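Numbers in our numbering are just positions in the sequence shown, counted from 1, shifted up by 1.
Just so you know, these hints were derived from the structure itself, not from any lab. A hint or two may mislead.
To be verified - Here are the in silico distance ranges between beta carbons for each label pair:
id, residue 1, residue 2, range
1, Lys83, Lys48, 14 to 22 Å
2, Lys81, Thr37, 45 to 53 Å
3, Lys44, Phe8, 35 to 43 Å
4, Lys67, Lys28, 30 to 38 Å
5, Val40, Lys63, 34 to 42 Å
6, Phe8, Met64, 24 to 32 Å
7, Gly52, Lys83, 41 to 49 Å
8, Val40, Arg61, 20 to 28 Å
9, Pro42, Lys75, 47 to 55 Å
10, Asn79, Ile21, 19 to 27 Å
As the list claims (entries may be wrong) - Using 27 Å as the maximum straight-line C-alpha spacing, the simulated DSSO-like pairs for lysine-lysine come out as follows:
id, residue 1, residue 2
11, Lys63, Lys75
12, Lys55, Lys9
13, Lys38, Lys67
14, Lys55, Lys17
15, Lys81, Lys67
16, Lys44, Lys28
Note that this is a predicted model, so its numbers are computed, not measured. Ideal Cβ positions, reconstructed from N, Cα and C, are used throughout, including at glycine.
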Amino acid sequence: MPINTIFKTYCSRCGKETIISKTWEEKMGNSVVTTTKKVCPDKKCQKINDGEIKKMIERRLKMDNKRKNMIRNKKQVNKKSKGVSKHG
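Based on the provided sequences and hints, a complete structural model is requested.
In structure tokens, the structure reads:
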């Protein structure tokens, strides 16, 4: 596959071909990565998509925070249990 190939993508909600909204380049180490943001041409549909994406990101952040808290709590419990002697 040639470099800089742009694939046709379609909206997951309405099936219309997406359009390029924004393109930018980022340097990562010795490589340059080009990112293309595509959106649905139907503004109402894109607004719904944006809302769904926002909810998904919020859910992931909540789950990540919950996981981090569980790990932190487990470490605290382990520290407390190591400090208590079982042989009294």
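Consistency of the hints with the structure:
1. Lys83 x Lys48: 14 to 22 Å: For Lys83 and Lys48 the Cβ distance comes to about 53 Å; the hint is violated.
2. Lys81 x Thr37: 45 to 53 Å: Because 51 Å falls inside the window, the suggested range holds.
3. Lys44 x Phe8: 35 to 43 Å: 23 Å, violated
4. Lys67 x Lys28: 30 to 38 Å: 34 Å, holds
5. Val40 x Lys63: 34 to 42 Å: Roughly 26 Å apart at Cβ, these two residues miss the hinted range, so it is violated.
6. Phe8 x Met64: 24 to 32 Å: 30 Å, holds
7. Gly52 x Lys83: 41 to 49 Å: Holds - the Cβ-Cβ distance for Gly52 and Lys83, about 47 Å, lies within 41 to 49 Å.
8. Val40 x Arg61: 20 to 28 Å: Once the Cβ atoms are compared, 21 Å apart, the range 20 to 28 Å for Arg61 and Val40 holds.
9. Pro42 x Lys75: 47 to 55 Å: 48 Å, holds
10. Asn79 x Ile21: 19 to 27 Å: 51 Å, violated
11. Lys63 x Lys75: 18 Å, holds
12. Lys55 x Lys9: 24 Å, holds
13. Lys38 x Lys67: 30 Å, violated
14. Lys55 x Lys17: 21 Å, holds
15. Lys81 x Lys67: It holds: about 21 Å lies between the C-alpha atoms, which stays within 27 Å.
16. Lys44 x Lys28: 31 Å, violated
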